[in-house]
Amino acid sequence: MILRDDGEIVIDSSQETSTSSDSEECSDDSHYDNDVRRLIGSQMCLVLGNICFVIIDGGSYVNVANERLVSKLALPTIVHPRPYKLQ
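Using full-length UniProt numbering, the first residue of the sequence shown is number 1, and each one after it goes up by one.
It is worth saying that the hints were derived from the structure and are not from the lab.
No experiment lies behind these values; they were computed from the predicted model shown.
For each residue, glycine too, the CB sits at the ideal point set by N, CA and C.
Treat the hints loosely; a few may be bogus.
[Stated by the list, open to error] Pairwise CB distance ranges (calculated):
hint, residue 1, residue 2, range
1, M44, R68, 14 to 20 Å
2, D6, E67, 29 to 35 Å
3, D6, S71, 17 to 23 Å
4, H80, C52, 19 to 25 Å
5, I51, P76, 27 to 33 Å
6, D6, R82, 42 to 48 Å
7, G49, R82, 29 to 35 Å
8, D6, I78, 32 to 38 Å
9, P81, V47, 28 to 34 Å
10, V79, D6, 36 to 42 Å
11, S42, K72, 14 to 20 Å
12, D6, K85, 44 to 50 Å
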């Protein structure tokens, strides 16, 4: 993925790169072996001036954002008026 000076984003699908700020590595023997996860799609979005790459998979049951994502992007949070537990 390349972000040009004019704001255009270019994705080169021939390049296979993986980055992780926490050096997390996943191998074929990961703990997701028994999970049935199917990639539905991915989306790039702009959140408070930051480009985010969101992966959408078939194993997701709830629509939530990771606390790490919220803190890294310094997103404002508010208390839900009627909190509930996620399943």
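Taking the beta carbons of P81 and V47, is their distance inside 28 to 34 Å?
23 Å, violated
Take a look at whether the Cβ-Cβ distance between S42 and K72 falls inside 14 to 20 Å.
19 Å, holds
Between the beta carbons of D6 and E67, is the distance compatible with 29 to 35 Å?
Check passed, 34 Å falls within 29 to 35 Å.
D6 and R82, beta-carbon distance inside 42 to 48 Å?
44 Å, holds
Does the beta carbon distance between I51 and P76 stay inside 27 to 33 Å, or does it fall outside?
19 Å, violated
With respect to the beta-carbon atoms only, verify the hint that H80 and C52 lie 19 to 25 Å apart.
22 Å, holds
Determine whether the Cβ-Cβ distance between G49 and R82 falls within the hinted range of 29 to 35 Å.
31 Å, holds
Do V79 and D6 keep their Cβ atoms within the hinted range of 36 to 42 Å?
Taking Cβ atoms as reference, V79 and D6 lie about 40 Å apart, which means the hint holds.
Hint check for R68 and M44 - Cβ pair distance inside 14 to 20 Å:
At 19 Å between Cβs, range holds.
I want to verify a distance hint. Is the separation of the beta carbons of D6 and I78 within 32 to 38 Å?
At 35 Å between Cβs, range holds.
CB of D6 to CB of K85, is that within 44 to 50 Å?
45 Å, holds
Honestly, do D6 and S71 meet the 17 to 23 Å range at C-beta?
30 Å, violated
When held up to the earlier numbered hints, the structure conflicts with 3, 5 and 9 and fits the remainder.
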